[in-house]
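Protein chains in written order, with the numbering used here: chain A, 740 to 990; chain B, 195 to 523; chain C, 617 to 975.
These are calculated hints, taken from the structure and not from any lab test.
Treat the hints with care, as some may be off.
A few chain B residues that face chain C, going by a derived Cβ cut-off under 8 Å, partial list only [unchecked claim]:
#1 Leu318
#2 Ser338
#3 Ile341
#4 Pro343
#5 Val352
#6 Val356
#7 Phe359
#8 Thr364
#9 Met366
#10 Gln368
#11 Gly371
#12 Val372
#13 Pro449
#14 Gly505
#15 Ala509
#16 Phe512
Just a few of them, taken from the derived set where beta-carbon distance is under 10 Å, the chain C residues facing chain A [stated by the list, open to error]:
#17 Gly686
#18 Ser687
#19 Asn723
#20 Asn724
#21 Ser783
#22 Thr815
#23 Arg857
#24 Arg858
#25 Gly865
#26 Gly871
#27 Asn875
#28 Asp917
All C-beta atoms in this analysis are idealised placements derived from N, C-alpha and C, irrespective of residue type, glycine included.
Below, each chain spelled out in residue letters.
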Amino acid sequence: MITLTGVRKEYSSEVAIGPVDLRIPKGGVTALVGPNGAGKSTLLTMIGRLLGLDEGCIEIAGYDVTKTASKDLAKVVSVLRQENHFVTRLTVRQLVAFGRFPHSKGRLTVHDEEVISRAINFLDLTDLEHRYLDQLSGGQRQRAYVAMVLSQDTEYVLLDEPLNNLDMRHSVQMMKHLRRAAEELERTIVIVLHDINFAGHYADRICAVKDGSVAEFGTPEQIMTDEVLTRVFETPVSVVEGPNGPLAVYY
Amino acid sequence: MTTTSPPPPRTRNKGRLFDWKLLIGVAVVGVLLVFSLFTGVYDIFGADDGGEMFAITRIPRTIALVLAGAAMAMSGLVMQLLTQNRFVEPTTTGTTEWAGLGLLTVMILLPGASITTRMVGAVLAAFIGTMVFFLFLRQVTLRSSLIVPIVGIMLGAVVSAVSTFIALQTDMLQNLGVWFAGSFTSVLRGQYEMLWIVAFVAVAVFFVADRFTVAGLGEEISTNVGLNYNRVILLGTGLIAVATGVVTVVVGNLPFLGLIVPNVVSMFRGDDLRGNLPWVCLLGIGIVTVCDLIGRTIIMPFEVPVSLILGVVGAVVFIFLLLRQRRRG
Amino acid sequence: MAETTVPRVRPRTTPRVTAPPTGPSPERSSRTLPTGRARRRYWIIVAVLAVLAVGFAFGQLAWDNPMPVGSDGFWRIAELRATNLVIMAVVAVCQAVATVSFQTVTNNRIITPSIMGFEALYVTIQTTAVYLLGAAGVMAVQGVPQFLLQVTLMVGFAMLLYGWLLSGRYGNLQIMLLIGIIIGGGLASVSTFMQRLLTPSEFDVLAARLFGNIANADASYLPIAVPLCLVATALLWMRSRRLNIVALGRDASVGLGLNHRRETMRVLLLVSILMAVSTALIGPMTFLGFLVATLAYQFADTHDHRYVFPVAVLTCFVVLSGAYFVMRNIFYANGVVSIIIELVGGLVFLFVILRKGRL
């Protein structure tokens, strides 16, 4: 369980977060949605202790993220930012192997190699594992980053807009992989999404963020309504029944 | 000048160009310049040839202060507009070092070269250097605006390593230091007149500053609004090169002037380009004059070169600006 | 903790998995050099560099040595020259290891630690000494205590700067870099001013110390320089696995459980020790480290610091000793070696920044 109590952050003169109180239960996929600049990514990076808080407390599985040693947290929670550029040239497998650092401190064991192989297989990167990242397409690269996060083998996985810059096919693929990771690998995935319909279809819970605080938190059925979405996104939204579940129509 | 589209209408700023604050500024700088005229070891009132000395040294020196100060401040502004980066100016992009290299090359190849020839060398080298820097900016994707001055200073270090090498081989190392240290001591009648060229640079900037802003937004946006991007960049580089080259040859290096002046002006007045232009000019002149006055009086009867004072003051102001930016995130 | 539950990833045969989970993949390991070819390439390069290094080193000892190789007289002369080799080795280790580590923690492959004010400080110290004491000043800053004092000053200056700018809420590496450079520039303009006031003969004495030159070093410094260099290098070597992580940037390394700020501070402290030793020993060498690190990345072609460090050190030694050997014995131009290296380094720098890249 991830618990946020009275979390507050002055990000800049325009953006202020909080106070936020939120409990994200263990298991499944939780999507953070909301308009631009609402503070979704800020919230996620604070949970992932990449950004400090001004006030309040965040706990992941009982560990206070500001007080627990970073190296211990790295075995409980993994986080992937939106932008990833490395100065070094890495192959897919080398990148994924970095995910084992919290466990092996860089000295890979046979067990580590197995976990790495499984993470690579899990994201269909087996044939690409010795390719360099700069030789991959955007979708493949994104999968490689997610594989690294999975090989970190943490209960909690935080992803900041992993669908950014992915086309339709790759977005759907990515969400299916994440769904499977949640179900088969029993991970708790928290993900920032831009497209409310992806959230509605693939997430177990949706957290709508607006103006730096949580506007709504519930199941897709509770959130995917005309009234809630119109209020959160400040634009007329009507939810219709599509062939695979509810669809938000906003244009 | 270089575009097919008419300049954008700027009604908002009409009539604000000269307000009472600016007049006060002009008055203050005017008083400073008068001080400059009457500061010095030579007793211009008592001595017989006082009036003549006044005309030979004090007037040229004061005019040089005005021209060099305005020109370097304007060059800094042009560079900042073109790159959309607040930390860029001739000393943080290597332009000054290139100008020095050009000057040195001419001095070695043509030992008896006239001041005009030296200037041409310096201007050409400054042009090449600025183009190299702009090429670099186009080639790389930057994650942070702070990388730009870091790379620029590295670039300057490369060029000055080359200059040092040449100077060492030709036994000009100590002279090199003297040339590069900006100082108005040697500005005399008959030797500074070339500096009037930079007055045209300052005037030209007044006319085309808006285009530099648009060009700074990138090639696509400029083309979209009908601006010939490459021509504007060439024009800007040319203006910077002329100002830097001429000032380097006549006066020497004036570090950080182009950096602090536009930043300080926009700190107080916001980013209103057209309204800021006269202020940039004025503050440039004011700072150079104050630094020169300090340099002349602090260890009288000797002089401290203005570049030393500017280097120290400029470094402090630059660090202050950086820390301020850091606080804002 | 929960992560000890061993096989979380059960490779269920879901239709989406294209590769066989337990297929006969010939070699699935994450070693640094994954293929046989890469491994061969790496070791061949190391071998070539090592041969060159030994060759130049031997050349330094044997060239123009009037005694036959192996005789007592030969070794006596060689011993005298060996001091130079040790100095070169120290400088090579310092510059190579410091630059690679510095570029890693700053996440930027086109800067060198020497622009961070070390050189400006060194030049200021030397110039002030000559300014105050005249030509005798150069002698006054020589000697073991003075050497130690200079190293301490440089490290102290660096630590003050890093400590001030990296700690606190707004710690930012790039601002720290820029401020370091600017302070260096301020110091440089003070030294330039003092240099102007020197008499030409005093200036000549000083000028020799303002350029990196092996001849500047004194053998009596070595008992201090060698241990400092070895200890700092060993500590960085032990951190090389962490450096691999730091190279991924702040967010990724925090995510992987590294205390990024503490790690950065430690590495920068070690880097400043190495740079201070090298600068106090032979004088400023701005682009040597840059040149060598750039070459080493090309040669080693890997992210792993345990593989990059040796290649960088070997390359640095080959460049230094090779340049000295060639310049001394073929062009008879001893003094300009460092400047030639600087020029080549500078040109490489220009070439690198004009290539497409991301910073």
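Among the hints numbered above, which are violated by the structure, and what are their numbers in rising order? Checked against the structure, the hints that fail are numbers 1, 8, 9, 17, 18, 21 and 22, while the rest are satisfied.
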